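Colleague: Sequence:
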Amino acid sequence: FSGVLARDVLLALLELQEELAGTVARAQGRNVTLRDVCYAPLNPTAPGVGDCAVSSVTQYFQNNRSRLALSAWQQDGKVQGTVDWHDHLIYCVNSPLSFKDITALELSCMAEYGGP
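Numbers -21 to -1, 1 to 95, taken from mature numbering (1 follows the signal peptide of the UniProt record, and there is no 0), label the letters of the sequence shown in order.
Bear in mind the hints are in silico, worked out from the structure with no lab data behind them. On a predicted model such as this, the values are computed, not experimentally measured, just so you know. Where hints are given, some of them may not hold.
To be verified - If you anchor each label on the Cβ, the simulated ranges turn out as follows: (1) Ile69 <-> Gly93: 15 to 25 Å; (2) Gly60 <-> Tyr18: 37 to 47 Å; (3) Ala4 <-> Ser45: 27 to 37 Å; (4) Gln53 <-> Asp15: 40 to 50 Å; (5) His65 <-> Glu(-3): 24 to 34 Å; (6) Pro95 <-> Ala25: 14 to 24 Å; (7) Val72 <-> Glu(-7): 17 to 27 Å.
Idealized CB from N, CA, C, for every residue including glycine.
Using the sequences plus the hints, can you model the full thing?
Modeller: This is the structure in structure tokens:
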């Protein structure tokens, strides 16, 4: 991959998302954060930042740098080689509701907040 789907761009996107998630604004005399205004369908009463339904390609890795950095050896019949974030991303784009990809990484495609 290249351009916007390069690994360094995804890492920069994660950094930006973390910065925005930590932003505090002052409104009507009180501090307001992402948790105060986000849509959190699986935890609407007491959402944490990870419960917010943020749409981003990094959600295929649950916004986790460690998962983005993973690689694993895989042998599928006669084909063998290393699988990494590229393979996981391709799988998830085609199967976004999967709880475990079919690569040796066995990562979920579900977002950090638990939805697709």
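Colleague: Now look at each hint and say whether the structure bears it out.
Modeller: Right, here's what the structure says about each hint:
1. The hint said 15 to 25 Å for the Cβ distance between Ile69 and Gly93, and at roughly 22 Å that hint holds.
2. Restraint check, Gly60 to Tyr18: a C-beta distance of roughly 40 Å satisfies the suggested window 37 to 47 Å.
3. In this structure, Ala4 and Ser45 meet the distance hint of 27 to 37 Å, their C-beta atoms being roughly 30 Å apart.
4. The supplied range of 40 to 50 Å is met by Gln53 and Asp15, whose beta-carbon atoms lie about 43 Å from each other.
5. Between His65 and Glu(-3) the beta carbon distance is about 26 Å. The supplied range of 24 to 34 Å therefore holds.
6. Taking 14 to 24 Å as the suggested C-beta distance range, the pair Pro95 and Ala25 conforms, at roughly 22 Å.
7. A C-beta distance of roughly 23 Å is found between Val72 and Glu(-7), which places it inside the suggested range of 17 to 27 Å.
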